[in-house]
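Q: Residues per chain, in single letters:
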Amino acid sequence: MAPATLAQKLVARAAGRSHVTAGEVLTCRVDLAMFHDSSGPRRLQPMLAELGANIWDKDRVVLVIDHYVPEADEESRRVVRIAREWATEQRLPHVYDSMGICHVVLPQQGHLKPGLFCVGGDSHSPTGGAFGAYMFGIGATEMLGVVVTGEIWLRVPETIFMHWRGALAKGVSAKDMMLAMLGRHGMNGGRYQAVEFCGEAVAALPMAERMTLCNMSAELGAQVGLVAPDDTTRDWLARHGATDVVIAPWHSDAGAPGVRHEYDASALAPQVALPHSPALVCGVDALDPTRIDIAYIGACTGAKLEDLRAAARVLAGRRIASHVQLLVAPASVRDGAEAESEGVMRQLVDAGATLLPSACGACAGYGSRIPEGSTVISSTARNFKGRMGAATARVYLGSPYTVAASALRGVIGDAREVLA
Amino acid sequence: MNAAGRAWRLPAEVDTDQLAPGATMKHGLDVTARHCLEALRPAFAREVRRGDVIVAGADFGIGSSREQAASVLVHLGVAAVIAPSFAGLYFRNAFNVGLLLLTCPEAARIADGEHIAIDASGARVRRSDGSVLACEPIPGFLLDLVEAGGLLPQLKRRFKPSTEMP
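For the protein sequence lines, the chains are X and B, in the order given.
Counting from 14, one number per residue, gives the positions in the first sequence under our numbering.
Counting from 6, one number per residue, gives the positions in the second sequence under our numbering.
Read the hints as simulated data drawn from the structure, not as lab findings.
You may find that some hints are simply not true.
Just some of the chain B residues that point at chain X, by a computed CB distance under 10 Å [stated by the list, open to error]: (1) Glu18; (2) Met30; (3) Phe49; (4) Ala74; (5) Phe96.
Ideal Cβ positions, reconstructed from N, Cα and C, are used throughout, including at glycine.
Sequences are here, hints too, so could you generate the full structure?
A: This is the structure we're talking about:
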């Protein structure tokens, strides 16, 4: 049999085929469908009623309430109330309410493992690819189709291999790798194909960092971002309740078809995306002095336990600049609790951080928002004009290291200088 | 399927947050529609007419999975979006909510305000001077989807067979 990519193997399994070819359009069986309070119940409930149809398999559905909690106003309360009432009425077995952001809660609750074919009602759903699952984002109407049929159509993707050799320097992280790739390939460089991150620098990353890479495959315009599962995956899943984990078949064969791009992790400096595009990237050392008002550590992209630890490495025993507001919204309640027990949260708070609830927060301007006119450095995924709820704000993106170093200096800064 | 209307020219990389601003998302499509593209073309939501066509630069629809970024254009009466390329997630959402997208490498030739005619099944756009721009052919199942008005009407046929049949 011809050598196959990891993406082809995952799609073939879901389509009940022994082999698939890039470009083929076929129908796949969905193993798991995840949605949240914004994309899910409030849209699905009326459409299901209109159809008079039922959920195909409730055990394969996961609802995470993360976008509009804690409820800030009457409209948010209404959206969240619909989600809660619908979950009760449908007797959904897997509901996570105010426990954190869907892309982080889903694997932490043991729902993801290598080989699965999953869809999510959110663009950052490719995060699941960090676990060797084929997972991509879809809109609410397409989710309706999945929820009533258990199936979805797919054009088998080509694979773009992002091969990273070498080792990251201290203070440089997966976020910097992703921003570098975005600077080179642009926001649609992934052409809605599969991106597979590989090489020794990727293999050395902990799961949370792999999740950051796969999460921002959305910014690359890829359908999925994948990392072949290995012992790091197996160990992490074992600690998070996933059972029957098999990793052996889930890798790209030698000689599998695809485009390959080479990167050197050892040569990578911290990267920053300038307003108003994640692909408008430069090295932090090449940036003009940029005074900031707000440093934001949040979102599925940039506030997992590893991200909080990174920020604390920079900030422990120090104090942020007096004119800066440092906001920290842990990606999940579990991440926040573990950071608390490790003393990481204490270090952040002592440095001057303000703690926010574990939810989507200001990342997409749904719940809270940043002030008009402010200059922000953020560990989130997107800095489109107005995205965080203020049309006149200027949002820069960087790693949690960079956000922390910037909070310390009051201008966008290089964590390597602090950690040296 | 055919359409004809005025062209609204937009730049490259129009994102979902410009089409459907996040802060409006809790209020429903009527409110979101009033703010559609306000950061880019403040007059758009007010002045767009039924049958108008958006002609954009590359990578239209990058960003979020929120399908309101497509359904808001249907709501405002936009007949189609023509661009050299689309974000893949936006492409799926558009057809699922009944919005026609045409991938046209030479979309930049079309002028703002120009009256153009679209032949979706023929995959071409006719300009006001009579010249024709070729587009990428749209697979039959996606043409069917957009002609049905999106996935919901299609699913209705499957789950609720018409009671008017003899």
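Q: All hints, please: hold or fail.
A: Going through the hints against the structure:
1. Glu18: 6 Å, holds
2. Met30: Constraint on methionine 30 of chain B satisfied, holds at 6 Å.
3. Phe49: Since chain X brings no Cβ nearer than about 15 Å to phenylalanine 49 of chain B, farther than 10 Å, the hint is violated.
4. Ala74: At 9 Å from the nearest chain X Cβ, alanine 74 of chain B passes the 10 Å test, so the hint holds.
5. Phe96: It holds, given that the least Cβ distance between phenylalanine 96 of chain B and chain X is near 7 Å, below 10 Å.
Checked against the numbered hints given earlier, the structure breaks only hint 3 and satisfies all the rest.
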